[in-house]
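Enquirer: Here is what each chain is made of, one letter per residue.
2 protein chains.
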Amino acid sequence: QMGLAENQLTSDLVEDWILNNPEASICTPEGINDFRAIANFQDYHGLAEFRNAVAKFMARTRGNRITFDPDRIVMSGGATGAHEVTAFCLADPGEAFLVPIPYYPGFDRDLRWRTGVKLVPVMCDSSNNFVLTKEALEDAYEKAREDNIRVKGLLITNPSNPLGTIMDRKTLRTVVSFINEKRIHLVCDEIYAATVFSQPGFISIAEILEDETDIECDRNLVHIVYSLSKDMGFPGFRVGIIYSYNDAVVNCARKMSSFGLVSTQTQYLLASMLNDDEFVERFLAESAKRLAQRFRVFTGGLAKVGIKCLQSNAGLFVWMDLRQLLKKPTFDSETELWKVIIHEVKINVSPGYSFHCTEPGWFRVCFA
Amino acid sequence: QMGLAENQLTSDLVEDWILNNPEASICTPEGINDFRAIANFQDYHGLAEFRNAVAKFMARTRGNRITFDPDRIVMSGGATGAHEVTAFCLADPGEAFLVPIPYYPGFDRDLRWRTGVKLVPVMCDSSNNFVLTKEALEDAYEKAREDNIRVKGLLITNPSNPLGTIMDRKTLRTVVSFINEKRIHLVCDEIYAATVFSQPGFISIAEILEDETDIECDRNLVHIVYSLSKDMGFPGFRVGIIYSYNDAVVNCARKMSSFGLVSTQTQYLLASMLNDDEFVERFLAESAKRLAQRFRVFTGGLAKVGIKCLQSNAGLFVWMDLRQLLKKPTFDSETELWKVIIHEVKINVSPGYSFHCTEPGWFRVCFA
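Chains as they are written, first to last, in the UniProt record's numbering: chain F, 1 to 368; chain E, 1 to 368.
Rather than coming from a laboratory, the hints here were simulated on the basis of the structure.
Among the hints, erroneous ones may be present.
All copies of an identical chain are treated as equivalent in the list; a pair is satisfied when it fits inside any one copy or across any two copies.
As the list claims (entries may be wrong) - No farther apart than 30 Å at their CA atoms in a straight line, the calculated lysine-lysine pairs in the DSS-like style are these:
| hint | residue 1 | residue 2 |
| --- | --- | --- |
| 1 | Lys255 | Lys152 |
| 2 | Lys255 | Lys339 |
| 3 | Lys170 | Lys134 |
| 4 | Lys346 | Lys255 |
Next up, chain F with everything else stripped away, as it sits in the complex:
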């Protein structure tokens, strides 16, 4: 299973923690007295302990260089739900978000299906290692205008899925200047924040807002989507988070969150777990260490057979370059090669085409 970006490298640490903290569960003699209140609690603000713990964890996974306000933490049903709620809040049907390619295929469903919102691709390619540029942003924005599409926002994924790369400070500054100048919203998907396993480190958009005081930025335009599916490896727990600097969006998203709240049983457990500083510290260090090791072994193996990957240091996957193995530089050839890999090599990888990549021959392979 190398097609699904899931993280199973650290479940032993979590299991140990749970056994050592039976009071963190409402299903043990130590915690059962809270069962009644927790199962019956239904409030779209969520448990206060949970919001506090998530805010703290978000800060920690961003190096504690910034803080997050628990009152801006809004729950949703996974990152899937978080993206949809954000789109519902920010745009009307027919309006659009710019999205740099290659991007996570789920966005086509999550952001568009029920909201009627459009996605306009921003062209990035291998010529500069898929780095997002101001020119590409301007081109996409202009193209949308020509097509009479109203652009309401820009959606970036940092660290990137499928690239496994992180955005440097210069790029993030460009992004902020761009959205501020155009008066459009910025949605930052940071669900891979804690999967960065080597230097350079991850820079959250929150740090740009705090640090880069020389560039103008209306904070009301900035929103972060977060989740515990990748960083903790808990996709089943459905913890999606919207963190918005905009009060109106916080209020609207909170009301919409009633369609996809996090189970209070899960809120309760996670509140306790994420509030344990010593555990979180150890977990994150160990997670980065194990990811780095897997990455080294995996890309090392590929290198031995002459396969290169895009230089990356985050995520649970690599962006593998098989362009030289294509019969022709076409997506038909890519699909042909993909079928060989799936059926004969029997490894489940994802072709670049599914991420809207414009250059045939790239594949995402999950290694975690």
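Given chain F's structure and the hints, the job is docking chain E onto it.
Expert: For chain E alone, coordinates are given in the frame of chain F:
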């Protein structure tokens, strides 16, 4: 707190069960070996054990006179999410559902806010104890046609919130004939199925489909919304269920459920709990007994001071008739009286106006 329909009468039974079944939790030494698989499991079909257990529980809460197919069980974020997903599946923006009044105020948000669907009231009043009639249905349907509104479905709540009454077989037959004749969908909210505490018993729409073979009914038009928030008293666990007899709706709703899946931690616990026949049997019997007793004490107390309620035998509330206490038969007077009750009697009740009742002077009071 008598304004919120919540059920806390049986949490002691649940607590006992949990302590006696530590393997049902992935947070105990007995269950921890499953933590890894469960936290990492993410599939919009849900755990097979969970779907089986819910199907069985739905049958049990409907007297085991019918069975439910686990493959038609679709998860959603509470009944809130279930209603929205159903509306997204069945209607386009501007199209409408008929809804008998008085109805749960949340429908105005859940069904309409993001879907753009309309709700058209079906008039019911105290002249026949708020029973839904064929004439009222036809009138509402005709009225919508005159207003150029396309009616796509009928939404009924059985047992009724706020009335606390159940629909008899004759009414349900009328409903089925009506929707079949008009070729519109029927959404049955049965989230209070297990709160029936005295005769006559609850009849699910599923029984009408099974038993009443003399009336024509296209099953593709019928959908049930269920939840564990009221019957088990677990609103915090966010278990909403869509059970549809229509394959296309099952498939579409299942894809949409990714916006509001149930936490696998919670699925795992509930699968085990609801599969315990002996426990479920005892729980339901005890729950009905305690509800009946509360109801008796509560309405007895009201009767002593001359306050009558609509004759009911289900739900966590009564529909209290304070018409004789109004200064004038207006909603202004109702609001005035409501303020007195809230501020001076200091009891949180809900005025009939909020349920779209057309007759001033009715109030919903929660007793569970």
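Enquirer: Check Lys255 against Lys339 for me: Cα-Cα at most 30 Å, and say if that holds within a copy, between copies, both or neither.
Expert: between (45 Å within a copy, 26 Å between copies)
Enquirer: For Lys170 vs Lys134, is the C-alpha pair at or below 30 Å within one copy, between two copies, both, or neither?
Expert: within (11 Å within a copy, 68 Å between copies)
Enquirer: Please sort Lys346 with Lys255 into within, between, both or neither, judging by C-alpha distance up to 30 Å.
Expert: between (45 Å within a copy, 27 Å between copies)
Enquirer: From the Cα coordinates, with 30 Å as the cut-off, is the pair Lys255 and Lys152 best called within, between, both, or neither?
Expert: both (21 Å within a copy, 26 Å between copies)
In summary, the structure agrees with every hint in the numbered list given earlier.
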